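Student: Listed below are the residues making up each chain.
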Amino acid sequence: MSSHSAPTFKNPMVRWIDSRLPVFSYMHAEYGTFPMPKNLNYFWNFGALAMVVLVVMILTGIMLAMQYTAHIDYAFDSVERIMRDVNYGWLLRYVHMNGASMFFIVVYIHMFRGMYYGSYKQPRELLWLLGVVILVLMMGTAFMGYVLPWGQMSFWGATVITNLFSAIPIVGDSIVVWLWGGFSVDNPTLNRFFALHYLLPFVILGVVILHVIALHVTKSNNPDGIDVRGPQDTVPFHPYFTAKDSVGLGVFLMVFAFFVFFAPNYMGHPDNYIPADPLVTPAHIVPEWYFLGFYAILRSFTDDWWFFAWFMSWIMDAKLAGVLAMFGAIVVLALLPWLDTSKVRSCRYRPIQKWVIILFAVNFVVLSWVGGQAAEEPYVSIAQWSTLLYFFLLLVVVPVVGWIERPRPLPSSISEPVLKAGGGGMAGATAAKMEKS
Amino acid sequence: MADATQPGDGDEPKTERRDFLNYLAVATGAVGAGAFLWPVIHSMNPSRDVLALASTEVDLTPIEVGQAVTITWRGKPVFIRHRTEAEIADAQSVDVADLPDPQTDDERVQQAPWLVMVGICTHLGCVPLGQKPNDPKGEYGGWFCPCHGSHYDTSGRIRKGPAPLNLPVPGYEFTSDTSILIG
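Going down the list, the protein sequences come from chains A and B.
Take 1 as the starting number for the first sequence in my numbering and just add one per residue.
Take 1001 as the starting number for the second sequence in my numbering and just add one per residue.
Source of the hints: derived by calculation from the structure; they are not laboratory data.
Source: prediction; values computed, not measured.
For each residue, glycine too, the CB sits at the ideal point set by N, CA and C.
A few of these clues could be false.
[Said to hold, decoys possible] Footprint (simulated), chain A over chain B, 3 or more residues, beta carbon under 8 Å:
id	region
1	1057-1065
2	1078-1088
3	1093-1104
4	1158-1167
[To be verified] A short list of chain A residues far from chain B (calculated; beta carbon distances all over 12 Å):
id	residue
5	F24
6	H96
7	V177
8	F183
9	D186
10	T189
11	H284
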């Protein structure tokens, strides 16, 4: 993919292998001399961080699977055994549990980076689409993983989410029975969720590899959103970004470790330490925090909501509308490269779009907040208005802003603003100096 | 293959035969793969031991007027409420046309005091509250689903909230005056 010529290796063994299977040349081209825009900021750490979390999750997950029993009578106890009796079982489980949350934090920031700097735009549309596929796979994997400890939230979360499919007309109920392998969430359900929870991370890994291959074809976007003009605009991946990613990784691991060692259950729900009981629904079912935004969209659709009553009630019931809206929230994200009509990528040079994207992010935080509240006023109304805003921003505001907005003049090259800034910015000065040396 | 579109050519019959063999091979492969796909999909449906579910018999004698019990049938909770006169009157006085899922109370019970239904919210499958004396019973004195705020009346009909349908009534019969057989 990179046009750099293959290096000559001194070690004869390396040379022997490389001439038969060019793994060393490949690594050298893709992670050694690979040209990276020289103006990348710390937002560009999050792809590498997501890769690290994926590896951590697969590693701890395999270890946990060696100790876990996927049966409704033993699952809860086997998790408690991991916590109490297995050597470092508590550590593996807390890393895996909080790792899921970390994965979503990192990926949500990674997505925000892409939205703010227009990384999804031509020629990186497919890269963005693969990212959305990874997000969907992550959601499925995280959901099924949360079912495995077979606590109350596991059971009722599984019940609520699988029941979403019953909203599909005609075949919905048959699909739900098929998903369950029975007439309720039960042992067959737990077994297949375990099998799929083990499988899906490797599917994610496969799509991540495609995501990275696509990235190395189009190469990285940058905070100015303009194309690389030549070698003067780039620095090699190593040592510049191996070093920069390592700094970000260090900070990230400290945050991760804080949760693992000092607040391991902060992002969980205490009800999941009660064994599953099919006859008692917890007073307040909430999904994991990273699903709350989408959950808020789901439950916004009630029969008495004016928007539903005016526009949708004649064609479908509220439940189907909620389910379609929730999945639709991800579909519109996937369509973003075609909804954005502007030719300018980065929000640095888009005075209106900048606030649209920030408002979108704030609105998503609001949705996540109300999604965790009880289904009562004022939260229901807030969730409903936020749901409308979510779709309105992406489907209406983004295309219109692309037409009416007057972008600020783009710099003629990546190097230009770096050289001009020379001490003007606050933190920019040191960054510029580092990049020049 | 390229000259298959040119009519009147001498080797036309040959390419047609070759196309036919191609289609035949692909179609046979597709049918074969499809025939294997179904067992794979169907293996995830309820197995025979799951399907071989006994029906459940319930003795109603210990349930006093105003009391409710929850029993398990096919892994699901079934609500049995011995309704009071006031609750029955409430349920019967509703104007059916106003309901999201119109059903008269008579269609939902076999004997007016005994309301039997599957206690699973028709929204997303939570178990509504209202069986225990101190549970919230919603705005219509029946059941209240805490998950997404659906209110059911004293006939188990949906009155308010996101659930689209009334709580379902399972097939059951009175085997005597004081016992029922569900399923």
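Student: Each hint: holds or not?
Tutor: Cross-check of the supplied hints:
no., hint, in the structure
1, 1057-1065, "violated (count 0)"
2, 1078-1088, "violated (count 0)"
3, 1093-1104, "violated (count 1)"
4, 1158-1167, "holds (count 5)"
5, F24, "holds, 40 Å"
6, H96, "holds, 26 Å"
7, V177, "violated, 6 Å"
8, F183, "violated, 4 Å"
9, D186, "violated, 6 Å"
10, T189, "violated, 10 Å"
11, H284, "violated, 6 Å"
Violation of the numbered hints given earlier is confined to hints 1, 2, 3, 7, 8, 9, 10, 11; the remaining hints are satisfied by the structure.
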